[in-house]
Every structure is written in C-alpha cells, then in structure tokens.
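Trainee: Chain G is fixed; fit chains B, W, R, D and L onto it per the hints.
Same order as they appear, the protein sequences are chains G, B, W, R, D and L.
When we follow this note's numbering, the leftmost residue of the first sequence carries the number 835, and every step to the right adds one.
When we follow this note's numbering, the leftmost residue of the second sequence carries the number 835, and every step to the right adds one.
When we follow this note's numbering, the leftmost residue of the third sequence carries the number 835, and every step to the right adds one.
When we follow this note's numbering, the leftmost residue of the fourth sequence carries the number 835, and every step to the right adds one.
When we follow this note's numbering, the leftmost residue of the fifth sequence carries the number 835, and every step to the right adds one.
When we follow this note's numbering, the leftmost residue of the sixth sequence carries the number 835, and every step to the right adds one.
Don't take every hint at face value.
Because identical chains share one entry, a pair is satisfied inside a single copy or across any pair of copies.
Taking lysine-lysine and the PhoX-like style, the derived pairs with C-alpha atoms no more than 25 Å apart in a straight line are [to be verified]: (1) 955 x 901; (2) 925 x 866; (3) 905 x 925; (4) 936 x 899; (5) 841 x 936; (6) 841 x 901.
Hints are computed from structural coordinates only; laboratory data are not their basis.
Given the structure is predicted, the values throughout are model-derived calculations rather than measurements.
Here's the letter readout for the chains.
Number of protein chains: 6
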Amino acid sequence: MIYVTRKAHFNASHRLHNPNKSDEWNREIFGKCNNPNWHGHNYVIEVTVAGEADPETGYVIDLGKLKSIMKKRVLDPCDHKNLNLEVPFLKNVIPTSENLVKSFFTELQEDVDNAAYGSSKLYSVRLFETERNIAEYCPSRGE
Amino acid sequence: MIYVTRKAHFNASHRLHNPNKSDEWNREIFGKCNNPNWHGHNYVIEVTVAGEADPETGYVIDLGKLKSIMKKRVLDPCDHKNLNLEVPFLKNVIPTSENLVKSFFTELQEDVDNAAYGSSKLYSVRLFETERNIAEYCPSRGE
Amino acid sequence: MIYVTRKAHFNASHRLHNPNKSDEWNREIFGKCNNPNWHGHNYVIEVTVAGEADPETGYVIDLGKLKSIMKKRVLDPCDHKNLNLEVPFLKNVIPTSENLVKSFFTELQEDVDNAAYGSSKLYSVRLFETERNIAEYCPSRGE
Amino acid sequence: MIYVTRKAHFNASHRLHNPNKSDEWNREIFGKCNNPNWHGHNYVIEVTVAGEADPETGYVIDLGKLKSIMKKRVLDPCDHKNLNLEVPFLKNVIPTSENLVKSFFTELQEDVDNAAYGSSKLYSVRLFETERNIAEYCPSRGE
Amino acid sequence: MIYVTRKAHFNASHRLHNPNKSDEWNREIFGKCNNPNWHGHNYVIEVTVAGEADPETGYVIDLGKLKSIMKKRVLDPCDHKNLNLEVPFLKNVIPTSENLVKSFFTELQEDVDNAAYGSSKLYSVRLFETERNIAEYCPSRGE
Amino acid sequence: MIYVTRKAHFNASHRLHNPNKSDEWNREIFGKCNNPNWHGHNYVIEVTVAGEADPETGYVIDLGKLKSIMKKRVLDPCDHKNLNLEVPFLKNVIPTSENLVKSFFTELQEDVDNAAYGSSKLYSVRLFETERNIAEYCPSRGE
Chain G
835 MIYVTRKAHF NASHRLHNPN KSDEWNREIF GKCNNPNWHG HNYVIEVTVA
885 GEADPETGYV IDLGKLKSIM KKRVLDPCDH KNLNLEVPFL KNVIPTSENL
935 VKSFFTELQE DVDNAAYGSS KLYSVRLFET ERNIAEYCPS RGE
Chain B
835 MIYVTRKAHF NASHRLHNPN KSDEWNREIF GKCNNPNWHG HNYVIEVTVA
885 GEADPETGYV IDLGKLKSIM KKRVLDPCDH KNLNLEVPFL KNVIPTSENL
935 VKSFFTELQE DVDNAAYGSS KLYSVRLFET ERNIAEYCPS RGE
Chain W
835 MIYVTRKAHF NASHRLHNPN KSDEWNREIF GKCNNPNWHG HNYVIEVTVA
885 GEADPETGYV IDLGKLKSIM KKRVLDPCDH KNLNLEVPFL KNVIPTSENL
935 VKSFFTELQE DVDNAAYGSS KLYSVRLFET ERNIAEYCPS RGE
Chain R
835 MIYVTRKAHF NASHRLHNPN KSDEWNREIF GKCNNPNWHG HNYVIEVTVA
885 GEADPETGYV IDLGKLKSIM KKRVLDPCDH KNLNLEVPFL KNVIPTSENL
935 VKSFFTELQE DVDNAAYGSS KLYSVRLFET ERNIAEYCPS RGE
Chain D
835 MIYVTRKAHF NASHRLHNPN KSDEWNREIF GKCNNPNWHG HNYVIEVTVA
885 GEADPETGYV IDLGKLKSIM KKRVLDPCDH KNLNLEVPFL KNVIPTSENL
935 VKSFFTELQE DVDNAAYGSS KLYSVRLFET ERNIAEYCPS RGE
Chain L
835 MIYVTRKAHF NASHRLHNPN KSDEWNREIF GKCNNPNWHG HNYVIEVTVA
885 GEADPETGYV IDLGKLKSIM KKRVLDPCDH KNLNLEVPFL KNVIPTSENL
935 VKSFFTELQE DVDNAAYGSS KLYSVRLFET ERNIAEYCPS RGE
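Here chain G stands alone, though its shape is the one from the complex (with noise of 0.2 Å):
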C-alpha cells in the first residue's frame, strides 16, 4: 500500500456557532470561538491517496491532477472566504475542524477516486487549524 498526500493552504473566516440553541450556550460552549463578529486562521490541508502505483507512471495520483481537484473543490469555495456563510456545501455544518474534515473528504472524493490509478482512492484529509490544533478524517481506517 503506498500513500501520497498532497498539502495547500487557504485563509478564512468562521465562528462556532450552533443556531438551533441560545446564545448562552453557545457563548458557555463556544467560549471566545463563538466572537459574532469573527475570527479567522490560515488552514493548511493535507490529502492522502492510497493504493498501488501506475507501472507506466509510476504514480498513485497524477499530483498536478489532485492539485487541481483540491483548488476547484476545496481551496477556490474557502478561500478569503467566511466558512458558515459563503460555501454552499457548509452550509447547517458548524465549521469545526472535525466537521470540515469530513466535508472536504465528502466534496474530493469522486474527483479524486476518478483521477487516481486503478483501485487506488481517497484515503484521509487532515486539517491544521492552528498548529496546535489538528483533525483527521480516515473512514477506512476505522476498527
């Protein structure tokens, strides 16, 4: 099994905020996160391929092809962009780290399962909040 992951950048806009409960428990839970008018961070992403590599080509993944998937479906709808009101497919999702993991695997994963080699596809996306902060979605890897 050989892995190759491919990492971008993109800034943003978000807050935590669930709309379905009070401002109190959002303020309680959400703590400075949930500042109405804001905040932002530089998100890095790494997305990971997996499978066998191409005996012509020598790759998994064409990364000039995933490049262009992760711009059309991830960095060009975030980027300079605010997260809760401006990307249609975040739309009712709170944008956590975990939450955005998961809807960015969701959005990559025909193109990417389409350019990629044989039975080679989509393995994981991981995203850097902050440095400190970090959320991995690898639904294969499960149990």
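Mentor: Okay, now just chains B, W, R, D and L, sitting in the frame of chain G:
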C-alpha cells in the same frame, strides 16, 4: 549589541478596506482581501528587544515579562477578534501587515522599554500574516 | 472515524541509565545519552483522540479541555523538570521516548476518555525528542 | 505497539521519464518533471520501526543504529547523486516518490529488522519530495 | 522603516564547477557538489522590500505584484531547470548560493523598485539552499 | 555585502543560577529555570559570516569548513552536556541565551575569520533556546 526575540500567535479576522474610497476602488486594489464577509489568519508575531545583558541576571529582558507585555498589549486585544471592528488601537487603521506592525510597535514600546535592562529597548516587531507574507517595523535600523 | 490532535511543548532534562546494570554497560549502550550530568530536550507532544463528533458541538473532544488535561497530567509534572528524579509516574522508568509515550498514554487515558464525546477515546501519544527522533504509542492500531 | 521514527535528509537530481515510451508521451505525462537537463530536490526521509521496547534498554531500536543503516543503505548511495543514473538499486525505476519509498523500504528491511528488538520490524518509509508532496510505503497497514 | 517579505519556492538541479580550473581543482574545492551528473535542491527564496507604506492602501508594495515579479524574473526561469545550463542570466555564474542571491537581486531590482510605493525599494534577497545553508544579499545594509 | 548562514543543533541541560546571590534571589528571578535538578533544550544555532564571495569559488566561506569549525568550537563541547558544569569556556557564565551567543561568538571568531574569504568575517550568532525564545549577538550591526 544583543537581540532577544519572543514569538507568539493569535488568530483574527480582518478585511482590507479604505472607507474613504469607493467600493470599486477597494475591490480593484485589495481583491479577495476586500471580501465584506471577512477572512482571517493565524498571525505569528515576533518582538525583538536590543541592548546589553544585565550582568546579575544575564537578561536583556526577562522573557517572561516580555511575554506578559505582549499578551496584555497585543494578544488579549487581538486574539479571536475582528481587527477592523474590535481593537481600539486599530480604529481607522487599514489592517495590512505593514500597518499592524507599526501599530503593535507603538502599543508595546513604553512597557517594553521600562522592563528591559538599562538602555536596552524595543527594536522591531515582525508579523507573519501567512508563512509567505511577512512585515517588520524597525525604526532604528534606518537607511 | 475522526481523529483530533492537540500539540504541546515542554523542556526537561534526563539521562538514559538502567540502574540494574553496570556503569560500563550503560556507557556502552547509551553513549553520550548516559552522561551523569544530564542533558535535555524541548519535547513536543501530540495527543490524538479518535471517535465521532458530537452533533451539537461538532467536537470529538473540546480541545480546550484536552489542553487542560495535557497540562495537568503531563506538562505540569514534566516541564522544566528532571525526568529521572522529579516525575512520580516515571519512577523506575528509563526515560527513552518509547517509555515516555507509553507512560504519558497511561497518565492521560482516564481523563481523556471521560472528556471525549460518546465512545471517542484516547488513540495515540506521539513525542518528538528532537526534530529527527520521534516515538508514538498507539495500542489500538494493532498489528 | 510502539513506533519509532528517524528523519534524515539528502539532496539529489532526477527526472521523470519512462524509457519504454516516446518523448511525446513523457512530456505529456510528466511535464516539467521530464526536463532532460534534470531538476532536483532536498528530500526528507522518515523511517518508522514498529514493535515492543526492550525492557533492558527501553529501545524498540537503537536510533543510532537506525541512523547508520539509513546512511549506508539510502543516504550514501543517493546524496548529491543523480537518482536516474547513479544509484544501483534504482536502475530501471522511474524515480517518482511512490517508487522511491518502495525501493528504499526494500533496501532497508533486512538490516532494520535485524537491528530492531525482538519481533519489532520496519513499518514504513515516508519521503517528502517537497514540503507539499509526500509519499509513504507501509505494506503492513493493509486495507 | 517597514520591511515586507514574500517567500516562494523552486526546485532545480545544479553543480558547482569553475570551468576555468582543472577537474582536480574542482573536485578538491567543491567535493560532492561538483558531481558531473548534477544534484538538486528545493530552493526557498525570500525577497524583502523596504520603505514607507502608501497611506491609501497600507502597502509598501502590493504582495500580489511582488509575487508576479518573482514568478516572472526568478521562478519561471529557474523552476525545474538546470541552473548551470538553462538560465540565461546565470550564464558564466558558478551557482553557489552567494552568487545566486546576487544575480536574483539584479534581476528583480528594476521591476520591484517600480512597483513599490514612493521611494520604497528592493532591500534584500535571501535563499535557503537547504534548511541549514542560507545566503543573503543586502547591499544597503552596509558595513 | 553577502551573508551566509549555517544552522546546527545540540541538546544540553542547564540551569539559570547566579552563585553570588542567595537561593531566594535566584528562585525569585529565574523561577522554574532555576530548578537545581536541571532542565534542558534542543538548541538551534545559526552562525552568519558577512563579506564578499571569492570569484574563483563563489564562496564567502566554504560551508563545509564553517560546519567543522562550529562542530569543534561549539557542538563538541556542548552537545549532550551540562552547560553549567562541563563546558570550559562557559565557566562563570550564567547560561542565558544572551550570554551563550556572546560566548559562542568569541569562541568562533578567530577560526571563522581565518577561513572566510578576504576581509569577510563572523557577523552574528543566533540561538533558538526554544522555537519562541531567540537571542542574537551581532556586534557590528550598529548602535
């Protein structure tokens, strides 16, 4: 001459916008950084103090004290905040990295100069807006 | 399966020494790491929790709570300390990175599992002794 | 299960080219990576060994020995070399990151398994071609 | 005085060789860097512009414009290229980091000075050949 | 003016303590850094040489020679050592970062100046005690 530097982090939202100009001008000049729904960054700030070390302590400045001053003057006002709306000392400042380092230097100067040993004093403030975009204000380095 | 990771730092002194063996054996096996006058490191620790996100908060674990648990269980006992002499839970442990990650995992497990959402639980502890030497304990990853 | 990792660096030139295919095919597939005058990278390699720690030493593997094995098997043959022309074990290998990690794993396996404690053994080889492009070979992680 | 810096990357092959000297002299002086089959690096370049910020934009220089100038003058000619054979402005230059920063400065100067605000101008070019080997050209910093 | 920098690492234990002062004074001033059982760091040192490049080699200084001088003068005496007890040139020096950079500069100066081309000479020594605490000694930079 000895230089000591302390590094810290904060996350904030902002938007580049000159309210004295038209929306067209702002979109033309600032592009996606002008997004009215804000975007944000994990800012890294480096504060440098220059001078001589106290022979009794070996310190140009106690970095614990410098850390507290940076927290009080920059991190507490700016962390998880909207730099355009919520930071009193940035009122009427377009929050480019250039303007931020100058404003932070002004905010820090008196406390840092008082805490530093002898004639040691605040030398520069550096800000990483992203890993690739960096600004520094260093008035004494001169021509 | 979602994985969330929190990173932290501590500085400590240590020495590699097996008191059940001769000084010659220890010098032969541990080389300069056996220096009786100690040496030290800026340790970086990464703690990963695995599971599902709480639909109300979007959190596998509140990273603020994880930060507090890491502070109480690992950083407060170890930071600016001598790992051989001053950390109760490391008594009789040769402080190699391998043994440290296992001991840290044991110290963290109950509090982390209680703070994590639903059946989410502590998944791994990773320790960077230097940028180039890394150890990880991950009991559930299995064979 | 404990995992220990050692990181190292080497600089090399290479070119992506499949000699069984036409020049047109190679330019189309590999783009600027096919440049006949070569390009190069500062490669970062991470080698991970998995198993149990020796109770007498606290080591899964002596990282000094792992460092020597990596030097002998990978760094000496590859550092400041042309990966297409000068590395015997890469003859007939298109030097993509995917193929390199697999070849390095094969080169390292016997020596690492012999040096590791008990049934501990080589677990994975990871290669950073750039900060943004990463490949890993980890045969036992399986599906 | 405000300093703004933009960082970028390129990958290239090169060899250190003085064609006016014998092969023996070159092997003696440059060692493995003289390998006739080339080696290569992931170069990191940092370009710094110094001056005053435009009060209307808050910019010393629009970093988007600086990015374009760096792409046109340095990255497009050098990325995935052989620095000895393929870069017109490096003809007859031994591609040490020292010589590269000086050549890059000359290439960048006119465009950067024109794009910078008022009397702001190109201040320095820094190049990381590896994480551990760095060169900088900064003519105005003087003695 | 061209500046070339070489980076290196060492691990050491130390304690901040002024033996001419009372234990109370030391605990008050140095806090946890005064721990009598020592603590330690992964120090990163950057040595910069400034001057002109030799036209025959393109080198301000052969970085291989600079690496050897740093090894002989700083790394061999300090790596895996206790900076208070075991380093002859640090006898009677309180090992703050400020004092260390000054002592390292003195140790390195003669050998570096002799190895550098023409009138090129040692320019600065920078030390990262942690990622966040940095000191630099640069006597020629100015006021």
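Trainee: Work down the list of hints and note, for each, if the structure agrees.
Mentor: Now the hints, each set against the structure:
no. : hint      : in the structure
1   : 955 x 901 : within (15 Å within a copy, 33 Å between copies)
2   : 925 x 866 : both (22 Å within a copy, 21 Å between copies)
3   : 905 x 925 : within (19 Å within a copy, 35 Å between copies)
4   : 936 x 899 : both (21 Å within a copy, 22 Å between copies)
5   : 841 x 936 : both (17 Å within a copy, 21 Å between copies)
6   : 841 x 901 : both (8 Å within a copy, 20 Å between copies)
Going through the hint list in order, the structure satisfies each hint without exception.
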